[in-house]
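Chains as they are written, first to last, in the numbering used here: chain A, 106 to 258; chain B, 106 to 258.
What the hints contain is simulated information worked out from the structure, not anything from laboratory work.
Glycine residues also receive a C-beta, built at the ideal position from the N, C-alpha and C atoms.
Hints are not guaranteed to be accurate.
What the hints assert, rightly or not - Which residues of chain B face chain A? A few of them, derived with a C-beta cut under 8 Å, are:
id, residue
1, LEU118
2, PRO122
3, ALA126
4, ASN150
5, ASP151
6, GLY157
7, THR161
8, TYR186
9, VAL187
10, ASP189
11, SER190
12, VAL192
13, ARG193
14, ASN232
15, PRO236
What the hints assert, rightly or not - Listing some non-contacts, in silico: residues in chain B with all C-beta distances to chain A over 12 Å:
id, residue
16, TRP169
17, ASP201
18, SER203
19, ALA210
20, GLY225
What the hints assert, rightly or not - Which chain B residues face chain A? A few, computed with CB under 10 Å, are given here:
id, residue
21, THR108
22, PRO109
23, ALA112
24, GLU116
25, ILE121
26, ARG125
27, PRO147
28, ILE149
29, GLY153
30, LEU166
31, ARG177
32, LEU181
33, GLN188
34, TRP199
35, SER248
Protein chains: 2
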Amino acid sequence: MPTPAAALERELLARIPLARAMDLQVQNWDGASLTLAVPLAPNINDKGCAFGGSLTSLMTLASWGVVELALRERGLDCDVYVQDSTVRYRAPVWGDFSAQAQLAAGESFEDFFATLAARGKARLSLNAQVPLTDGSPAASLSSRFVAIVRAAD
Amino acid sequence: MPTPAAALERELLARIPLARAMDLQVQNWDGASLTLAVPLAPNINDKGCAFGGSLTSLMTLASWGVVELALRERGLDCDVYVQDSTVRYRAPVWGDFSAQAQLAAGESFEDFFATLAARGKARLSLNAQVPLTDGSPAASLSSRFVAIVRAAD
Numbered sequence: 106m107p108t109p110a111a112a113l114e115r116e117l118l119a120r121i122p123l124a125r126a127m128d129l130q131v132q133n134w135d136g137a138s139l140t141l142a143v144p145l146a147p148n149i150n151d152k153g154c155a156f157g158g159s160l161t162s163l164m165t166l167a168s169w170g171v172v173e174l175a176l177r178e179r180g181l182d183c184d185v186y187v188q189d190s191t192v193r194y195r196a197p198v199w200g201d202f203s204a205q206a207q208l209a210a211g212e213s214f215e216d217f218f219a220t221l222a223a224r225g226k227a228r229l230s231l232n233a234q235v236p237l238t239d240g241s242p243a244a245s246l247s248s249r250f251v252a253i254v255r256a257a258d
Numbered sequence: 106m107p108t109p110a111a112a113l114e115r116e117l118l119a120r121i122p123l124a125r126a127m128d129l130q131v132q133n134w135d136g137a138s139l140t141l142a143v144p145l146a147p148n149i150n151d152k153g154c155a156f157g158g159s160l161t162s163l164m165t166l167a168s169w170g171v172v173e174l175a176l177r178e179r180g181l182d183c184d185v186y187v188q189d190s191t192v193r194y195r196a197p198v199w200g201d202f203s204a205q206a207q208l209a210a211g212e213s214f215e216d217f218f219a220t221l222a223a224r225g226k227a228r229l230s231l232n233a234q235v236p237l238t239d240g241s242p243a244a245s246l247s248s249r250f251v252a253i254v255r256a257a258d
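Please construct the entire structure, taking both the sequences and the accompanying hints into account.
This is the structure in structure tokens:
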């Protein structure tokens, strides 16, 4: 049996061509925080540093993955959509990079799952960041997701 | 001589691997608004509709392209960086799609070029959207860019 994180990586690569083009890897999932990593070469821009679209895509996928993996751990089958997000580009990234995502301050999985059980639909805010080698964020993303319980066929 | 828009397309495809993976085309540039188009297949997600990362990347590149082409038309050599952006995902996109970008309301190229001439650096806000076939936006992006005049070597 692959771990849930390994299964997620396989699905992302199989079903999202751009994740494959980015050469995405799931690096770590600890039940609260998900880290995705990519090499620089396929994610470079015209200036020789990381392409903004790759930074944002990786942070969005890491955030989506946190919601998706948390749902799977509880055996819930939902569609998870990103609704909106805000990204800040703070510094150029000149090497391979990773994005780490977790719940935003003030959010809890308990409230999220309680609302989902009661209404079949719930929202969740997440934060993600691409750290520089000194740990300071090169880019950060705040996003809101909605999960909708899939109707049984 | 290729048109400035054709030259931009060639550069994007040559220098940004992800633009190539997305199969990006420059569709139109009228001096104020830039439209970039992609087929759905390389930009699909796990649900069979457009991947959020592709929507955001295309809108960001279209916005960047407006600034870049406006600068080139005036013979200015600048580095153009995106600083921050906010994206709203409103409806899924089930076919090939395009992103159109233009200056945000209240912005003017005149002010931008005046500031650039005076200070060697200027900021500009843009809007971009991915229209559905009925013209309503499936996704929209507001972003801020900074242009910095390149020092002559």
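Tested hints:
| no. | hint | verdict |
| --- | --- | --- |
| 1 | LEU118 | violated (11 Å) |
| 2 | PRO122 | holds (5 Å) |
| 3 | ALA126 | holds (4 Å) |
| 4 | ASN150 | holds (5 Å) |
| 5 | ASP151 | holds (4 Å) |
| 6 | GLY157 | holds (5 Å) |
| 7 | THR161 | holds (5 Å) |
| 8 | TYR186 | holds (7 Å) |
| 9 | VAL187 | holds (5 Å) |
| 10 | ASP189 | holds (5 Å) |
| 11 | SER190 | holds (5 Å) |
| 12 | VAL192 | holds (6 Å) |
| 13 | ARG193 | holds (5 Å) |
| 14 | ASN232 | violated (15 Å) |
| 15 | PRO236 | violated (18 Å) |
| 16 | TRP169 | violated (8 Å) |
| 17 | ASP201 | holds (14 Å) |
| 18 | SER203 | holds (16 Å) |
| 19 | ALA210 | holds (19 Å) |
| 20 | GLY225 | holds (18 Å) |
| 21 | THR108 | violated (19 Å) |
| 22 | PRO109 | violated (15 Å) |
| 23 | ALA112 | violated (13 Å) |
| 24 | GLU116 | holds (7 Å) |
| 25 | ILE121 | holds (5 Å) |
| 26 | ARG125 | holds (8 Å) |
| 27 | PRO147 | holds (5 Å) |
| 28 | ILE149 | holds (6 Å) |
| 29 | GLY153 | holds (9 Å) |
| 30 | LEU166 | holds (7 Å) |
| 31 | ARG177 | violated (13 Å) |
| 32 | LEU181 | violated (16 Å) |
| 33 | GLN188 | holds (6 Å) |
| 34 | TRP199 | violated (14 Å) |
| 35 | SER248 | holds (9 Å) |
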